[in-house]
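Start from the sequences and build out the full structure, keeping to the hints where you can.
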Amino acid sequence: MTAYEKNETQDDNERRGPVVAEHTLEARDVRLGYGDREIVPGLSVTVPPGRITVIVGPNACGKSTLLRAMARLLAPSAGAVLLNGRSIQEMPTKEVAAVLGILPQSPTAPEGITVSDLVGRGRYPHQGFFRRWSAEDDEAVAQALLSTDVLELADRPVDELSGGQRQRVWIAMALAQRTDILLLDEPTTFLDASHQLDVLDLLTDLNRERGVTMVAVLHDLNLACRYADHMIAMKDGRILAEGRPADIVTEELVGEVFGMRCSVIEDPASATPMVVPLGRHHVKGPAA
Amino acid sequence: MSAAPIGKEAIRTEKDRLADAVRQVSAVRGRGRRRSVTVAAALLVALVAVFGVSLSFGDMVMPIGKVVATLLGGGDGGSQFVVLELRLPRALLAILVGAAFGLSGGVFQTVLRNPLASPDLIGISAGASAVAVTAALLFQVSGLALSASALAGAIAAGAAIYLLAWRQGVAGQRLVLVGIGVGMGLSSVVWYVMARSDVTDAQEAFRWLAGSLNGRSWGQFWPMLGALALLVPLTALAAHALRPLQLGDDAAAGLGTKVETGRLALLGCATALAGVATAAAGPVGFVAFVAAPIARRLVPGRGAALPQAALTGALLVLVADFAAQHLLPSVQLPVGVVTSIIGAPYLLLLLARANRVGSGG
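Chains A and B are the protein sequences, given in the same order. This note's numbering numbers the first residue of the first sequence as 1 and each following residue consecutively. This note's numbering numbers the first residue of the second sequence as 1001 and each following residue consecutively.
Calculated from the structure, these hints are not laboratory results. It should be emphasised that the depicted structure is a prediction, and the values quoted were computed from it without experimental measurement. Note that beta-carbon positions come from the ideal geometry of N, C-alpha and C, so glycine has one too. It is possible that part of the hints are untrue.
[To be verified] Derived CB-CB ranges, DEER-like:
1. V1037(B) x E209(A): 36 to 42 Å
2. L1349(B) x S263(A): 57 to 63 Å
3. E209(A) x G1185(B): 55 to 61 Å
4. M1184(B) x G255(A): 53 to 59 Å
5. A75(A) x V1037(B): 41 to 47 Å
6. L1349(B) x A78(A): 47 to 53 Å
7. Q89(A) x L1163(B): 21 to 27 Å
8. V1037(B) x D149(A): 27 to 33 Å
9. R37(A) x T1261(B): 23 to 29 Å
10. R280(A) x G1185(B): 53 to 59 Å
11. T1261(B) x A78(A): 21 to 27 Å
[To be verified] Below, a sample of chain A positions facing chain B; criterion: calculated Cβ distance under 10 Å:
12. A98
13. G122
14. A142
[Unchecked claim] Only pairs whose alpha carbons sit at most 20 Å apart, straight line, appear in this in silico SDA-like list of lysine to any residue:
15. K1258(B) x T108(A)
16. K94(A) x T1261(B)
17. K1015(B) x Q143(A)
18. K1015(B) x R178(A)
19. K94(A) x H1240(B)
20. K1015(B) x E209(A)
21. K94(A) x G1262(B)
22. K1258(B) x A98(A)
23. K1015(B) x A1027(B)
24. K1258(B) x L83(A)
25. K1015(B) x E136(A)
26. K94(A) x A75(A)
27. K1258(B) x Q127(A)
28. K94(A) x K1258(B)
29. K1015(B) x R210(A)
30. K1258(B) x E95(A)
31. K94(A) x E1260(B)
32. K1015(B) x D149(A)
33. K94(A) x G1248(B)
34. K1258(B) x Q89(A)
35. K1015(B) x A135(A)
36. K1258(B) x E90(A)
37. K94(A) x L1237(B)
38. K94(A) x L1264(B)
39. K1015(B) x E152(A)
40. K1015(B) x L146(A)
Structure (structure tokens):
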């Protein structure tokens, strides 16, 4: 039996590769909001280590807010986000950054910055005030550029790249940080369909090969179903369901979360659930 | 089994690929660093050259050999007076003032991510001017006390702008707009005080407001040197947070930066730098505004390029002051007039370009 065939016969869980992540991330009874406006009125969630977790939900459901809180970009008004059991608000910020990386929704590249310089900034948490650039930094940057397939762009200015290339470069920046947990806020927004797949495949590679725990907010429900090991469906600041997409994605859930009629069929490519939305028009016959 | 050697092969090429990539990455980084060192060295050479010229040229033209001899303690009484008492302190002060403005502008523009955000445009210089002019004209303050009041004005204006722009953190765009507003308010204070004053006094104040190195001497140089000896290392230390901060607040926080603290430290240093420079030479227009963009153009893709910005600022003020002294026979222009001639067209160019691109800056 060849190695290839053996892999094919392994069960779903083992195929996901080694779980090397030893870090745990959870939100415990967090209340989140901006100023007086409360968006998440108390919520607890545990991120499964070494897995890809995808948060879905309609606009303004609090999914990005939850991700921002887990990335300690937003302090909860009550409760805490715990990294390895310690509140991330109370940990030294560089200590958090060595374990937990984030890719914000709209990062800004300074004018004229080159790809390798931008990716090199991901090394910041590993550098002290007087520590000079080291061989390890070079290696981390090179590895990140290789993994994201942007090595040949190393000395190009970021503002000359296409949207898809730019997003890969930002992911490379987050990878150069070499964290075990990576939080991504809508990493596929503004990308065309093929680049969306590229980015999600890339994230999956990183998860399978290095056991990086991923938490991503995604808009596309079907891509979420396909790429998530663990899905969290949110509405009005609450979690309505979480689990494997195959276990939780039903017509009832989609109706409840998105207020949308649909039928759920099996994705012919991935055998994961596929949501076929039903609007008022272009539906043949009475919706059975 | 047959799969084993293939696996080994794969591992070896994988390692080779990584080693190759490491070489490539460090080569790119090396090129960038060499460029930034070369540019800094070229600026330094230009600075030394202009410095030499400004020491030897004037009403009494002196060969450079004599200038050097005088600097080394030789020369006659006349050349000693002209070089050591008149030209040397003025040229040195021009360098320090320019460096301080260039560094300050570079920090402001980078932290606030806006090319319009320089201390001379967002009210810091206006704060220094308002307090200094008020002190001079209403309270007859002069000398070091006047410089101190200018510094105090800059810091007070900086603090006021920061607090007015604060909404659970400070965003670049809002701070720039608040700063421009505060600056306009403070300018009206300046004109009000000037209008109320005696014409001769007002003329004196006006000359200071244009930004001038005329008649500056060791008395202004030493305090300035002392201030920079403190502020430049502090700024270098604070600039550690600049690299992540350039990527936006969220990305910077993700990289482990204390965003608000880091930004406050940087803005504090930059405000103090603009304040001491204004205290020494008055609000020399547009130096802080143009020095850093020129430097960033000389070393593209290297981020803030602060050392180069400081050197560019120094060169700019030294050249401008030389031109101000010798451009028109029999008239000594304030250096600020010359720097404005350089800076104003750049501001217009920037605004025109920003409008075309559709971004506010």
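Now for the hints, and whether the structure bears them out:
1. V1037(B) x E209(A): 36 to 42 Å: holds (38 Å)
2. L1349(B) x S263(A): 57 to 63 Å: holds (58 Å)
3. E209(A) x G1185(B): 55 to 61 Å: Between E209(A) and G1185(B), where Cβ atoms are some 59 Å apart, the hint holds.
4. M1184(B) x G255(A): 53 to 59 Å: holds (56 Å)
5. A75(A) x V1037(B): 41 to 47 Å: With Cβ atoms ~42 Å apart, the hint holds.
6. L1349(B) x A78(A): 47 to 53 Å: holds (52 Å)
7. Q89(A) x L1163(B): 21 to 27 Å: holds (25 Å)
8. V1037(B) x D149(A): 27 to 33 Å: The hinted range 27 to 33 Å holds for V1037(B) and D149(A), with Cβ atoms some 32 Å apart.
9. R37(A) x T1261(B): 23 to 29 Å: holds (26 Å)
10. R280(A) x G1185(B): 53 to 59 Å: Between R280(A) and G1185(B), where Cβ atoms are some 57 Å apart, the hint holds.
11. T1261(B) x A78(A): 21 to 27 Å: holds (25 Å)
12. A98: Given a least distance of 7 Å, the restraint on A98(A) holds.
13. G122: Given a least distance of 7 Å, the restraint on G122(A) holds.
14. A142: holds (4 Å)
15. K1258(B) x T108(A): holds (18 Å)
16. K94(A) x T1261(B): Answer holds: K94(A) to T1261(B) is near 14 Å, not above 20 Å.
17. K1015(B) x Q143(A): holds (10 Å)
18. K1015(B) x R178(A): The hint holds at about 18 Å.
19. K94(A) x H1240(B): holds (13 Å)
20. K1015(B) x E209(A): Given that 20 Å is the threshold and the Cα spacing comes to 16 Å, the pair holds.
21. K94(A) x G1262(B): holds (13 Å)
22. K1258(B) x A98(A): The given pair, whose Cα atoms are some 14 Å apart, holds under the 20 Å limit.
23. K1015(B) x A1027(B): Cα-Cα ~18 Å, so holds.
24. K1258(B) x L83(A): holds (18 Å)
25. K1015(B) x E136(A): Roughly 15 Å separates the two Cα atoms, so the pair holds.
26. K94(A) x A75(A): holds (17 Å)
27. K1258(B) x Q127(A): holds (15 Å)
28. K94(A) x K1258(B): holds (9 Å)
29. K1015(B) x R210(A): holds (16 Å)
30. K1258(B) x E95(A): holds (12 Å)
31. K94(A) x E1260(B): Holds. K94(A) to E1260(B) sits at ~15 Å (cutoff 20 Å).
32. K1015(B) x D149(A): holds (16 Å)
33. K94(A) x G1248(B): The hint holds at about 17 Å.
34. K1258(B) x Q89(A): Given pair K1258(B), Q89(A) holds - Cα atoms ~12 Å apart, limit 20 Å.
35. K1015(B) x A135(A): holds (15 Å)
36. K1258(B) x E90(A): holds (13 Å)
37. K94(A) x L1237(B): holds (17 Å)
38. K94(A) x L1264(B): holds (18 Å)
39. K1015(B) x E152(A): holds (18 Å)
40. K1015(B) x L146(A): At roughly 12 Å apart (the allowed maximum being 20 Å), L146(A) and K1015(B) satisfy the hint.
In this structure, every one of the numbered hints holds.
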